[in-house]
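Order-wise, the sequence lines are chains A and B.
Take the first sequence: its position 159, counted from the start at 1, is 159 in the working numbering, and no numbers get skipped.
Take the second sequence: its position 56, counted from the start at 1, is 56 in the working numbering, and no numbers get skipped.
Some clues are possibly wrong.
With a cut-off of at most 16 Å between alpha-carbon atoms, the simulated EDC-like pairs for lysine to aspartate or glutamate come out as follows [to be verified]:
id, chain 1, residue 1, chain 2, residue 2
1, B, Lys159, B, Asp347
2, A, Lys227, B, Glu6
3, A, Lys3, B, Asp347
4, A, Lys209, B, Glu6
5, A, Lys3, B, Glu349
Some chain B residues flagged as far from chain A (calculated, every beta-carbon gap over 10 Å) [said to hold, decoys possible]:
id, residue
6, Val17
7, Thr26
8, Arg238
9, Pro248
10, Lys373
11, Leu463
Computed from the model, here is a short list of chain A residues facing chain B with C-beta under 7 Å [unchecked claim]:
id, residue
12, Lys3
13, Lys6
14, Ala136
15, Thr210
16, Asn222
It should be emphasised that the hints constitute simulated quantities derived from the structure, not laboratory data.
Note that CB positions come from ideal geometry on N, CA and C, so glycine has one too.
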Amino acid sequence: MNKIIKELVTPFVAIIIAILIGACVMILTGHNPLTAYGALFSGAFGSTVNLSNTMANAIPLILSGLGVAIAFKAGLFNIGAEGQYWIGSMAAVWIGYSVHGLPPILHISLAVLVSILAAGLWAGIIPGLAKALVGAHEVITTMMMSYIAIFLSHYMLENGPMMQPGFVPQSPVILPSAMLGKIVDRTQLSWGLVIALVVCVIVYWLLYKTTLGYRLRAVGLNSRAAKYAGINVSFNLVLALFISGMLAGLAGVVQMLGVQHRLYDSFSSGYGFTAIVVAILANNNPFGVILASIFFAALSTGGQSMQLVSGVPAHLTDVISGIIIFLIASKDVISLVQKRWRRRHSLAPVKEA
Amino acid sequence: MRTCLEVREITKSFPGVLANDHVNLTVREGEIHAILGENGAGKSTLVKIIYGLYKPDSGSIRLYDQELNFASPRQAIEAGIGMVHQHFMLIPALTVAENVVLGGEPGRIHYRRKENVEIVRQLAKQYHMELDPDAKVGDLTVGLQQRVEILKVFYRKAKLLILDEPTAMLTPQEVEELILVMERLRSQGVPIVFISHKLDEVQRISDRVTVMRAGKTVNTVETKSTTPQELANLMVGREVVLHVSKPPQKLGEPVLQLEDIVVSSGRNEKVKKVSFDVHRGEIFGLAGIDGNGQFELVEAITGLLPCKTGRIRLLGKDITSSSVQHRTNAGIAYIPQDRQLDGLVMDFELTENFVLRDFSKAPFARLGQMQVKPIEEYATRLSEDFDVRPRRIHAFAQNLSGGNQQKVILAREVSRNPELLIAAQPTRGLDVGAIQFIHNKLLELRSDGKAILLVSLELDEILALSDRIGVFYAGRLMGIFPSGQVTREQLGLLMTGVDLGSGGRL
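One chain only, chain B, in its complex shape (with noise of 0.2 Å):
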């Protein structure tokens, strides 16, 4: 198999950070090459270097016989290297041969809109991908428009592909479909570079991957000579633990109950008439692809929305008309989707971070004045606890990771002692080891009695922590289910309405 593409001791620094640090890759002619590592490892700065988005301090980079040294992305676009960001770049308006062709239109100052037309319907028939040209990007589903992102990049003659991310945005059906399109490309001889943090995945597509930690390249395995341990194991530089132990646990009161709930959220109906209950030491996760009301759902419960119609109760109390504030009292913990915009003040220190629930409280109020020694010693034992890091309580939220970020505001929530914790995607963009921390968190909070409420667009994070699992779907439950009673696929078409029929029902 002739090598397609070599990179070569590529090294790139940024003020303060080496994110790439002698960097090895080769990626071969038809085959799959993952490039597997946490956030922050490097991976995306690599590709960014590839398609010349950044410019290394130092290596090489051949695309066949061709040294590459790009200045722009439209040098590598020519040289024959496509990408296919994360978040697409497409526009909605037009239909989808408009935005294959989109820089490159067929014919000159007269555009020839049937040309186009049958060229995309071409390219789609050479690559096997079912797509309309004359539909409109803004109608298209997820999956279908990362189709069109990859066919613009064939439109544009790539000899590599690159694919940032790919599933991310994806349920568990366009995966599938996403897969299917791979291994045709691959049996066509087109080599794809994809990046990825998830380990299954990885494995079910790859035929090689490169693990990368810290900016360096740690390896490079074949796929099939290697197990997700192994490949945990290089990614994080220690033993990792993958599977959540999960100890069975009995039912207990309700704490949260929930009856015919209406959310409106701007002109919309978003919540319809839900119900469920919540109960002591069982973690309920709700799933279900972003945007379909659940998180209207979780602010109706948190105060932050009003209801227009049902009831809420927590511990047989009414809650329905209370105020944040009075629902925070009274035992409700929240971590926000969004921890950034809703979890921290950013540009307030830790310790004031730190009291954001409980600022107006004694000891750390009196009599209106903030009481500093005893916010202090608060914030030095969260983060303590939570082994929040830097562990310098009067840096800046903005100047922590991510996964730091999120520390804080678990250890903010979770020291209240709250009878109910409502995580909503507590791990999004996390990497590896606090995604495991955060879910001990929560399993011990299960087992302390407390009810938790998980909402979470990662269906595997939902099946690894659920007792019981809710399928959202267009502001309605599609269904409660006992976890181990449902499988994967089950939940994939749950979450896209399919409803599985009294059969199917459990």
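The shape of chain A in the complex, shown without the other chains (with noise of 0.2 Å):
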């Protein structure tokens, strides 16, 4: 319990610090701060509609999310998420508009199971392999893997083979057989939400409970007494990024068949990167993710309702998880500090003396 006490500190802090700050940019630029905090609580919260948008919205930050966390257990910094998502994406519409006749349950199942190999090959095939066997470091290829699959996106819906025919840059609607039902009608939450929180339960029990997730975290922390155990660092290195390639994956095609229910020309959905400041929020705790998730999801849902009412800019929003990074980053700094101020602390009676 204390345990788990702690391990919330750091992100509380740093949240209502950068709350504060937030407030601060509000007051000088003439806002007040009261009422936009507020337009944005309830903007995120304050209905059933506004509650299910901000569950919807962080679904696919739970699964990419906890994929970051993952790969970060064992080491490794997934920063290409966002690219893994759209392997997901493309690989699921495609199975989605694609395959006829099958019923609901095997449909979404196929569409499931061949994106998130196709997105855990994608970080575990070149990432994975080019780590493990010549050290080449995961944040560059995981990175630039990512922008080979979002040109590959532009490719396939720019009079690419998934373009729907006409002028529009998109592919076609999935077939209602590969559509996840909604929780909340007329909202975007779908049961994807129920996939996501299960996933989390799995990954928790993956990481703690099985030989896999010890042999992950073994080598995540100290490869060399991993290497000492018997391990085979290279090939957890690899299946790292695969599991978090999958789930990354898995975050594109729940809000492929739950929520857009087609592909759209974009630079970013936005989920894979901000994937990479939940899974830091979190500090890799599974059911950290889901709090992070929400945390981000309600920013994301209530900054255009405090843009509204307010008339502060929804981008306020990015400026305070901007700062949490920030502040989350700077705990080593921000510990140095406090350890230098005991220190200068406990000499001063002997200057007096």
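Build the complex from these two chains, which are given one at a time in their own frames, with help from the hints.
This is how it looks when you write it as structure tokens:
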């Protein structure tokens, strides 16, 4: 219990400081922070519809956040969750509109299976093997693979094989048999939420209750000791990136089958990058990922209504998330300053004497 | 004799630890004064306070007639206190002369090189230390580098020399030379404070000894009027058995057989055609100075490094190209020399560290799932059997002291009931109590008929425990000697590559 509280302190303090700084900005630009934050809160949680949309926004963040977190646990920085998300999305939409005559359960399962495999291989094969065999840094390789995935989607949609007949660069709509049902009608909240929560429990179980998780964590924390323990470090690095990619890909699948139902031409979904922030704020704890995802989802859905009601630009929420990242990343700096201050403090009486 | 340094009632606490508790120390002019104590007794804290690296909470320090209240080492240096740290602070790419004057070079903007060399030559002569001022520090042996450090101190006109564990990195021959240097300094009236946890050298070198235990100065005694036994008891606070008793034992069948092993690491061949056997019921000691390839050999036996050529056999079976896992299962246990880097996952709980080698085997795992109950029971049993403190199996490894971390590794490795135990530096950095515990465990395993390969940089450890001793130098085995038939000095020479010739070979 104590442990949980201790782990919650840093993110909580970071969030509060960020919100306070946001308030200062609002005051300086002549807005009332209380009305603005009030609007943000009610826009995110104020009604069934708003709450549903916030939760719907959180689903892809939870899944891709879990992906980034599991890679972090194995000591890898999967910065390319965005690309893996796109690969998952493309595969899901393709299965969704091109495979006919399957009952929904099979059609959805097939889409999920193919897509997460594709996304897993996207992360596992090139970045994973490159890391394991020649030590190429995964930050670079996953990032580059991410660009390739995004541009591949442009190719597919802009007069490419996945473009719907006509002039709009978008894919055909997936068949009804591939769509995930809604939990709340007329909102974006699909049964994908249940998938996300179940996957979260699975990831927790995998990391802390299985030998596979033990291996991944040992490799992440001390690869030399892992080698000494007889663990195949290279294989587990590839595996970690593979699983990470699968989860990011699953985020794409659930978003396609549950919300968008077709692939639009775009530069970024934003989910894959926010996922990194989510994992960092959650300190890679699977259940923390849920909380952090809801927080960031609330910022983005609530931000719109904040802009409408109080005139504070919705982009201020980006400032707030930026400050949070900065504070969490500088956690070590803060503890260093604390230490120094304490030392100086303890010296003071001697000087006087 | 005048009093040179007087430390009175120094107290210093860190969060959670009282590192120095009303410490008193008096150093007279022209004496060699040893500060003896186990790791964590507060020796380093004390000298760091004297040197101005820490501020004491209370207490006072006097150097001759001057009250000292340092805010920084610079002030300590100006007042005349010189310190040689255990890890040298030299720049390898510069010459001896340049290193000595660094930070106080002769000349202002224009650096006068010739004058510099001459000053250092004079200084070396004055203190009877043979050193070539133009030699590059990186090319010198550790012993000579230490002299450069000492000269550095005297260049800054030190009135008091503090040596922090000066013999830790030296070979026996270099220790002898250091003792000579120290004695000459004493004859010139320079007081020396030296820190050590080794009884024999304190006994040999010092005039008086101050023993520290748990942050307190227990007693100061004249070295001549005391015995190692008495000092050990003062240091530990209870009766200590100094000499391990080793019952004679007959050699059994060979457990580990090495044939012409060659190991490369990086671009160099670190082990060059080494062959020897380790038998049941024996401790085979591998002596040598660090960096001569002995640890690469160990990694090749454990499977962490590949063998380029040669054959490794365990109980007759060829394991030259087996995986680490396979070798572990075949009965090789290994205590790595760096427990924090190789032996433990510091951010894992003890439960997880206890099963590091067997986490995927029944009863600790079933169908890929970790079994909490059996792991916890196993961890509890091992913590009790090996007296791991604190007795909290869910503590993180990083929160344990070095001695207890080592006990966790030892417990894990020994409890697997291995055929061969490879212990690399098993007592490095541990205090007397923990060393005793680990030595006894090794001897217990020996009488249980296990084969033990002990690799250590401490000659005393090798001499005390081994049945046979192999000396490693530059990737080669200089010879194998039954213990008792080779002296400490002969081993020291062999370790530096001096072939004793046919007459010396046994």
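Going through the hints against the structure:
no.: 1; hint: B/Lys159 x B/Asp347; verdict: violated (46 Å)
no.: 2; hint: A/Lys227 x B/Glu6; verdict: violated (52 Å)
no.: 3; hint: A/Lys3 x B/Asp347; verdict: holds (14 Å)
no.: 4; hint: A/Lys209 x B/Glu6; verdict: violated (59 Å)
no.: 5; hint: A/Lys3 x B/Glu349; verdict: holds (13 Å)
no.: 6; hint: Val17; verdict: holds (13 Å)
no.: 7; hint: Thr26; verdict: holds (22 Å)
no.: 8; hint: Arg238; verdict: holds (34 Å)
no.: 9; hint: Pro248; verdict: holds (34 Å)
no.: 10; hint: Lys373; verdict: holds (13 Å)
no.: 11; hint: Leu463; verdict: holds (29 Å)
no.: 12; hint: Lys3; verdict: violated (10 Å)
no.: 13; hint: Lys6; verdict: violated (13 Å)
no.: 14; hint: Ala136; verdict: violated (20 Å)
no.: 15; hint: Thr210; verdict: holds (5 Å)
no.: 16; hint: Asn222; verdict: holds (5 Å)
Against the hints set out earlier in the document, violations occur for numbers 1, 2, 4, 12, 13 and 14.
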